[in-house]
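**Q** The lines below spell out each chain.
Protein chains: 8
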Amino acid sequence: MTHKWTVFLSGEIHTDWRQQIQQGADAAGLTIDFVSAVTDHARSDECGEKILGPEENKFWYDHKASGINAIRTRTLIERADLVVVRFGDKYRQWNAAFDAGYAVALGKSLITLHDEELTHPLKEVDGAANAVCQTPEQVVEILKYVLLER
Amino acid sequence: MTHKWTVFLSGEIHTDWRQQIQQGADAAGLTIDFVSAVTDHARSDECGEKILGPEENKFWYDHKASGINAIRTRTLIERADLVVVRFGDKYRQWNAAFDAGYAVALGKSLITLHDEELTHPLKEVDGAANAVCQTPEQVVEILKYVLLER
Amino acid sequence: MTHKWTVFLSGEIHTDWRQQIQQGADAAGLTIDFVSAVTDHARSDECGEKILGPEENKFWYDHKASGINAIRTRTLIERADLVVVRFGDKYRQWNAAFDAGYAVALGKSLITLHDEELTHPLKEVDGAANAVCQTPEQVVEILKYVLLER
Amino acid sequence: MTHKWTVFLSGEIHTDWRQQIQQGADAAGLTIDFVSAVTDHARSDECGEKILGPEENKFWYDHKASGINAIRTRTLIERADLVVVRFGDKYRQWNAAFDAGYAVALGKSLITLHDEELTHPLKEVDGAANAVCQTPEQVVEILKYVLLER
Amino acid sequence: MTHKWTVFLSGEIHTDWRQQIQQGADAAGLTIDFVSAVTDHARSDECGEKILGPEENKFWYDHKASGINAIRTRTLIERADLVVVRFGDKYRQWNAAFDAGYAVALGKSLITLHDEELTHPLKEVDGAANAVCQTPEQVVEILKYVLLER
Amino acid sequence: MTHKWTVFLSGEIHTDWRQQIQQGADAAGLTIDFVSAVTDHARSDECGEKILGPEENKFWYDHKASGINAIRTRTLIERADLVVVRFGDKYRQWNAAFDAGYAVALGKSLITLHDEELTHPLKEVDGAANAVCQTPEQVVEILKYVLLER
Amino acid sequence: MTHKWTVFLSGEIHTDWRQQIQQGADAAGLTIDFVSAVTDHARSDECGEKILGPEENKFWYDHKASGINAIRTRTLIERADLVVVRFGDKYRQWNAAFDAGYAVALGKSLITLHDEELTHPLKEVDGAANAVCQTPEQVVEILKYVLLER
Amino acid sequence: MTHKWTVFLSGEIHTDWRQQIQQGADAAGLTIDFVSAVTDHARSDECGEKILGPEENKFWYDHKASGINAIRTRTLIERADLVVVRFGDKYRQWNAAFDAGYAVALGKSLITLHDEELTHPLKEVDGAANAVCQTPEQVVEILKYVLLER
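Chains as they are written, first to last, in the numbering used here: chain L, 609 to 758; chain Z, 609 to 758; chain Y, 609 to 758; chain P, 609 to 758; chain G, 609 to 758; chain V, 609 to 758; chain H, 609 to 758; chain B, 609 to 758.
Don't read these hints as lab results, they were simulated from the structure.
This list has only true hints and no planted wrong ones.
Simulated DEER-style distance windows between Cβ atoms:
#: 1; chain 1: P; residue 1: ALA650; chain 2: L; residue 2: GLY715; range: 28 to 38 Å
#: 2; chain 1: L; residue 1: ARG687; chain 2: P; residue 2: THR639; range: 20 to 30 Å
#: 3; chain 1: B; residue 1: ALA635; chain 2: G; residue 2: ASN665; range: 54 to 64 Å
#: 4; chain 1: G; residue 1: HIS611; chain 2: P; residue 2: HIS728; range: 34 to 44 Å
Glycine is no exception: its CB is placed at the ideal position from the N, C-alpha and C atoms.
With the hints as constraints, model all of the structure from the sequences given.
**A** The structure is reproduced here in structure tokens:
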């Protein structure tokens, strides 16, 4: 299998789960192109105002940022072979669920990653997933199995 | 415009926003085919176990229900010309955001409906919407405008 | 939900499961357009030779029939909202599994219907299904739930 | 023709037909990216439980494995220019027929590979194929012809 | 040909070309479903503010209106078999050219309607059209020919 | 099967094969929506000049006609469930082969209809067909089988 | 993110905005594949006549050129991840708006670039854009943010 | 423009037009991936029998060959950015017209190449083309213009 895989990592940005997956993949000798939205929260919120000019109205302030962020996320989800979506225990994380729905409608494979407590509220998202993981290690194990047959 | 519109109403199931939109549309003489997921919460949760047999494990209990519910929701979203997604102030409502992402990836028009307090957490979903409403009346006004030019 | 559903019934042709589903749906007041391949085995095997002329070689005899049968099955699967595939305990039934793969790639919802003994050999097909049923009654219950919310 | 071809080899895993095709292609100087599902039977059955945790119920044990295996097979079939599906004389091999249907619906070219005795039960699958082979050598000859014009 | 045609009429809103086409089609006994954007200029500009609330900033004022108008135009262009785009001698009419590009990318047939003086600036749009007309009567003649073979 | 079939009849216009198929279908009680290009040769050639004005250059004379004719043929092929293409023994009939290629790329079922002498030059077109017929009666028999199961 | 981005620059050809964006991207260390239509106005107008032979009629003179130019623009827009469309204060620039519509229908991200005075006539095009810029520097800032997260 | 173009050369195989285009492109410094069907007539006719075994019936002899040839042609047309189809003055060349229709339905750019005498019988194919050439040099000029802007 010489073609490189692209994996989009979506969702929660307050823990180091992306780094854990990437390090696990590196340690296993996997050469995967991991991509994601801009994960610096402040930068991601401010990008509209910073680049396109100030907005007094909070709605348009957010709207400008979300348009720019979508350039990145839509393009990268479309390139991805697999989308991993992480739900944490804080915040609404509607963008994560939106990404999951978007990916599934495009026919992408989906892995969700969350604690057992979130099983019930995530049942529709999990129902569309190929695998439901609780730890980044499990995601790495799936990647090793899928890419290296081990 | 003789072809009937189909509008999928997704999201929050604890208030009567669907009825308000439907009644407003009826009052305006609009002939729209309103569709939605099964909105009876208990029935929607139990359908897997009731039809396909009991599961001790809560995860599989939910999984069976979500597979059956997806038969309905995916088919109806694909038929819809427009998807309206309502976010309330309670619960995680990840299925609503998932539906929004799914609809946008299929190229459907999207209207979101929520209170102003939810503007920031919903910025990515709102950013993909044609219109962001705060009341069911506004949704009805859009439908009147779009279908009847008034 | 005024738009009629189309359900393609694929697979085993030696028991009356199609009639059971249809009668159950009728009894429940469901107005579904049930469609399927030509289910008269002899007719389905002979159609190529009968219409297009005899073939000594068994391979081409079958090939002619399968081309004609595909006109019907492909068109009806593409029209269907939902595909139900029944696997019995006899014969290879590779056409049933082929239909399932074809339907899933087109994004159709899938229900499989088979005895528990077939769970392991059907794991990839079941894995792509929204629901795995063991009796025609369960299929009818799903249709009632999905179309009538009961 | 500088663009490399990707060929997905699906189906029977108990003989060395994949190796024969690969060696024949190597001997002919073809540079093809051959891909396939995980072909180690035990590993393929166990992957769900091993990675995601144990299941008492055999159905869910299989379900978890099949979700993970689908990440690999769906992605690789979508990348493939050509899918070769081998049917042996043992086992149900419904996954092979499912892959064939999936590939055809995506517009992929299809070659089937099986003994003459299987002609009748495979008539629908063969009817959708570009070529029906009885030996791995024939598949190699087709690849040589298609890629090298010899 | 029992299936009714849907024709989207896009562009210039200051002359009665839409009425001329519709009357010509009626006179010829054609039963076509003519659709278009909301053609009342003031209403079309104001709809965002009127329904969703006032905006001081002219950019957001227009943005809200254009989101709502797109619900109508995108849905109707997707339904259409044929798109007719009229360019007049006044105003920029970029929305008309945008509709033409949108329609062509969706594989719709396109007729442009404009005076000879606009030939050069419209060369890319005309180059993508099935026919370039100078009068509404010519459009009607094409519809008669295409639907009635006269 | 309550949904009506649409069948596009393409190709040769100098014999009454279309009428034979339509009468055979009527006699069998089939309710099919038969559609085709404008089959009046002179009218089809002249439509560009007649509607859009004269051209001295024969190339542009034909070009204008072919653009208008494509509005009809593309739309009707896209609507069709099945395309029947008839090749006669005279003329080049490249438009018939073009229609066949167009239909196959859209995933339509294809029947070719021609004498045995044309087998070799039509091998690529026949190779993409579900059935290769020599008489209109055979086409009618296929339609009866496919729609009525007889 | 190892996959290179392709950005199509469409529209106005009388100022050096393309060079400014390219230089800004180079200075920021971005490795983007910038593509565009042939921007030499005379060459772009003459290409049909020069290559395919003279035309007395201005309409066909333009038609030949636009067919050739479309080979380049359609292919490059389809390859692009992002389309930037610049509207200047002179000329009709309908091809720019056509490109924008074409790109949006294909699901491409869109950035528009124009002065504030054009806000109202461009409201439909801007309404479909991810970002509306007034200077090439803003476009470069978006590219830096989207590709480099800064 | 760093991405390489792929150009499929379809049709007539009895003159050296492919070589002329390739040499002209080389001389101009163009790095294009030219692809085509197997152009050795005898080999192309025999490939089915040679690889898959003899057929007495001429129809099936051709059918086997055409299935194998389609593996190559369909894959390469799908990869192509541009399809050039050459019609000569001999033979029926229905496969060339089929390829043209197939390519256009996939949204590929099309160039036709033929003598002026064939203008009328090719009007539908030419009508779908971006450019109609009479000499291989003209095709080379278009490639130079489209890729190098000269």
